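> Now that you have both chains on their own, put them together as the hints suggest.
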Amino acid sequence: MKAFTPIAVVVALFATVPLVVHSNVVLNFLVVALMIALAGQGWNILGGYGGQYSFGHAAFFGTGAYVTAILQVRYGVNAWVGFAIGIAAGALVGAIIGALTFRSGLRGSYFALVTLAFAEVLRISASVAPITGAGVGTLIKLDLRAQAFQFQSRAVFYWIILALVALSLAIAKLIERSRFGVWLVAVRENEDAAQALGIDVATVKSAAMVISGAITAAAGCFYAQYFLFVDSGIAYGTWISIEVLLTPIIGGVGTVFGPLFGAMVVKALGEGARLVTGDAPGLDLVVYGAVLILVIAFTPRGLIGGLAQARQWLMRRRGAEAHHG
Amino acid sequence: MAEPLLIVERVSRRFGGLLAVNAASLIAPESRITALIGPNGAGKTTLFAIISGFLKPSDGKVRYAGEDVTGQPPHRLARRGIARTFQIAQPFAGLSVRENILVGAHLHHRTREAALAVAERVAGEVGLDGMLDRPADTLTVAARKRLELARALATEPKLLLLDEVLAGLNPSEIRGIVPVIRGLCMRGITIVMIEHVMQAVMSLAENVFALAEGRIIAEGTPAQVAADRGVVEAYLGHGAAVKLGGVHAH
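Sequence lines, in order, name chains A and B.
The numbering of the first sequence is our numbering, which starts it at 1 and goes up by one.
The numbering of the second sequence is our numbering, which starts it at 326 and goes up by one.
Just chain B, with the same shape it has in the complex (with noise of 0.2 Å):
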């Protein structure tokens, strides 16, 4: 078997005395969906900040389609095919969703025209084909999250970073954009996507990797993750997992 896209190998971060990620390792197989899912604190925007470059790991390794990218500037990292979504989206604000998507799209085209092909198209996969014109501060949540995605999409990317994409949208919102994340698995991205909206990791994701305080404390599928009694007890507290299975055998 060909060797994973992306392979984490035992990254720590530090700050100060915070060990935010601590020796976490996952690996993200081409063409597929990975998720990473841990309460809150737990570290796993940190993690995606070193998987794209945006922090420098305090220790551990970071492979790409082979090589070490230890360390690299998001920007070079992005050029050569990873991508990222904000938690936080962070359009430009003061442009149009179309100059928005442009931005990413000049990434690998030069001329204005091919740039604006390829950023209508990638509205069009994402469902933002209407609002072209529209300022991107204009915009709704959900609407926002589309264009992080767009962006993102527009860069051509063959790992794409997702955080928290369905964060703050409402169920029928989330499955307008189940099947647009399942669509670019399809053609070939690799998906690692942070998220809390568990019916979506159950639906999309093959393999889930969980994380609490810093360490990867459960990996399997989706099932097997979310039956983990470290997983259960990580979200609800020390001793929920047996109270609940407690419960069950009534």
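So here's chain A without its partners, still in its complex pose (with noise of 0.2 Å):
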């Protein structure tokens, strides 16, 4: 139980959030951040932890976004069943991509392309296709009650989404001490000795792909309950892929708080770009950009990691004074 208690600290930190700050701004911000969080959690658990980068994890965020909109418009099913069966069908479609990828011995930047070219085929497709809603897109009825998983209130929501990104740091943390870890782990270092000691790489990877799928496709079907609104340049947008894969490695490429980190610093410095310079469109996208090279040039594994690098110099600093003082 120790090895979760970082977790439940931080999750109940975050709790406490709406107890405190009323304003709507702040809150909204903190449920976008705590969304990528936990769809960038989905990319960490495969590309984090199993080393396979994919380019196209807007995949499953919108067949989680179009699923729950899709079943809910169109088929009268209820929206917290409709969450659920697009989380499923995330892990479907994660399933399938990922047997058409590893079972073809697909790896490295080949992977990463084939998974943009996925996302991309959904996104042409559901541009054109009448069941989405085409070019004008899917949107949800207003129906503020909580049958019908919408809230007047945004704390409600927020706690909702904090829920899920607890969850699924949950999940990663139980991942890194299961066998299913240790392996996944071991596949993303050296493929050859991890077949050598026994593991099925295909499988241990299209397992990762399947928890990933899922995991990221919430974010897209809670991304459809809080906005409820779905087009096909949301739901399966480059910008979704890109936000995905940022986070977790900009906060600590296959770590537990990875992701949360990393979202939280990279939203609030898009946001704080956005209110210095007024509403230049794309400009975020140049902060993203600076951020992520700063990270790579000099903290490979991330902000968490740079922390800890800091923490064991100042460690060793303050070990040297002690010594000469």
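Source of the hints: derived by calculation from the structure; they are not laboratory data.
In this text the structure is predicted, and so the values were computed from the model without any measurement.
All C-beta atoms, glycine included, are put in the ideal place defined by N, C-alpha and C.
It is possible that part of the hints are untrue.
Stated by the list, open to error - A partial selection of chain A residues facing chain B, derived with a Cβ cut-off under 8 Å:
#1 Ala129
#2 Ile131
#3 Gln152
#4 Ala155
#5 Val156
#6 Trp159
#7 Glu176
#8 Arg177
#9 Val182
#10 Val185
#11 Glu189
#12 Asn190
#13 Asp192
#14 Ala193
Pasting the structure below:
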């Protein structure tokens, strides 16, 4: 149980925010940042622990968002049920893409490019298919009742996304400590050595892809319920593929808290840049790019890795001073 | 007599126009050390890759523990008890020594506690017990070789394929690791080793196969193979055996 204490502490701290802060702007910012943290944790399972860098996680985010929205709007399915089916659909898309890429032995940049292609195919299909509302998109009817998964209060949405993030943190921690997690990291470090030690590399990677797809899809489902609107550019757009890989890489790739930390930093910087410059479109992307370059150049293990390094350095310095003093 | 644990039957492997392994056969009797020697490029590592499932043979059969296992993938063979080390050590560089060995230990132990216990025991057996928390990429060449061995052992193999575990080590490091290998054999593990360090082959192996240009050219006790004319010529060039013999006669 001790291993989960940091998660409990961080989540408890986050949970108190709406009790103190009542600004809708701040809560809205935090809800979006937590949503990206959740989607980023999905990417982190496959990319961070498994070393398989996907450039197309929009495929999962969009599938979750569309499935949740379409089930409600076109089939009258309850929003909560739609949410659950959306997550399952993300897992299914993960299984399909995993089977097609890993069984055929795609690695590294080839894998990245093929995932990008999958997301783009889905985006273009969604922009013309009648069921998705094509270019117009799908609007979920306003119905501010809990059974419709809609709430007047931002705080409730905030606690729901926080609960999902908490669950994703716990899943990451469980994976880290399980045999599956050990195998996944071994696959990341060296596939040949992993095989020689009895690891079925394709199966391990595919399983990671399923979990990854489900978690990122959950963020998409939440997006649909929070904004009540989905179109192809939002759901399957490259923006989300980029944000979900940026947040763990900047925060700390292959760490439990990397995506959460990264999402807070990246989103805060993006908002900050927008405040300073007025609404220059795309400026947040410039900021992301600059931060990414700085992080990769100076702390390849992300800000969490950088903090650990800094702490070690400080302790060594203090140790040296004590020695001299 | 029982069937040897490993039987390689007329295995060949072609890479385009190159016949890397040409109808090679060898056997490894249970709980014995068998050595595979031969000059560089003879096809020894290719033959190991075929036995461990990393390469499929173009022709021929591999029998292990009484069954035909030809062409099975490496992870399945590892589960059945075939472990290998790599000629160039392949540590999981970002992980500690303990975590490296843990990967192998998890093959037959699901829980972390059980796998960690196996990892620590194996580390002790190969003499890595003082370095469990060191990052694998900070190890010396000799320690990396031990780590290769430890990881393979943690899978609790019946057949261990050692690809030049002594190469690149100095004489005192070799003296350190030879008893470790002998100890493994004593507790029942069947070992096939590719080795260039003849002094170790002589002291460890009961049976030696010599490979040259993809073919098995000699087989026998270490002394027999070392004295074999074909083997000497494979290493030193055509006519070398006669010249050496001539020098000897003077």
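> Under the criterion of a CB-CB separation shorter than 8 Å, is Glu189/A in contact with chain B as hinted?
Constraint on Glu189/A satisfied, holds at 4 Å.
> For the restraint on Asp192/A, tell me whether the closest CB of chain B is nearer than 8 Å.
Where the cut-off is 8 Å and the nearest Cβ of chain B is about 6 Å from Asp192/A, the hint holds.
> Close enough to count: is the Cβ of Gln152/A nearer than 8 Å to one in chain B?
46 Å, violated
> Could you check if Glu176/A really has its C-beta closer than 8 Å to a C-beta on chain B?
10 Å, violated
> Hint check: is the beta carbon of Val185/A less than 8 Å from a beta carbon of chain B?
Holds, because the Cβ-Cβ distance from Val185/A to chain B comes to roughly 7 Å (cut-off 8 Å).
> Quick check on the hint: Ala129/A CB to chain B CB, less than 8 Å?
Hint violated; Ala129/A Cβ to chain B Cβ min 40 Å, cut 8 Å.
> Tell me if the interface restraint on Trp159/A is satisfied: Cβ within less than 8 Å of some Cβ in chain B.
At 33 Å from the nearest chain B Cβ, Trp159/A fails the 8 Å test, so the hint is violated.
> Can Asn190/A be said to touch chain B, with a Cβ gap under 8 Å?
5 Å, holds
> For the hint on Ala193/A, does the least C-beta distance to chain B fall short of 8 Å?
4 Å, holds
> Given Arg177/A was flagged as interface, is its beta-carbon under 8 Å from a beta-carbon of chain B?
Holds, because the Cβ-Cβ distance from Arg177/A to chain B comes to roughly 6 Å (cut-off 8 Å).
> Given Ala155/A was flagged as interface, is its beta-carbon under 8 Å from a beta-carbon of chain B?
Nearest chain B Cβ about 39 Å off; hint violated.
> Can the hint on Ile131/A be confirmed by a CB-to-CB distance to chain B that is less than 8 Å?
Interface hint status for Ile131/A: violated (41 Å vs cutoff 8 Å).
Against the hints set out earlier in the document, violations occur for numbers 1, 2, 3, 4, 5, 6 and 7.
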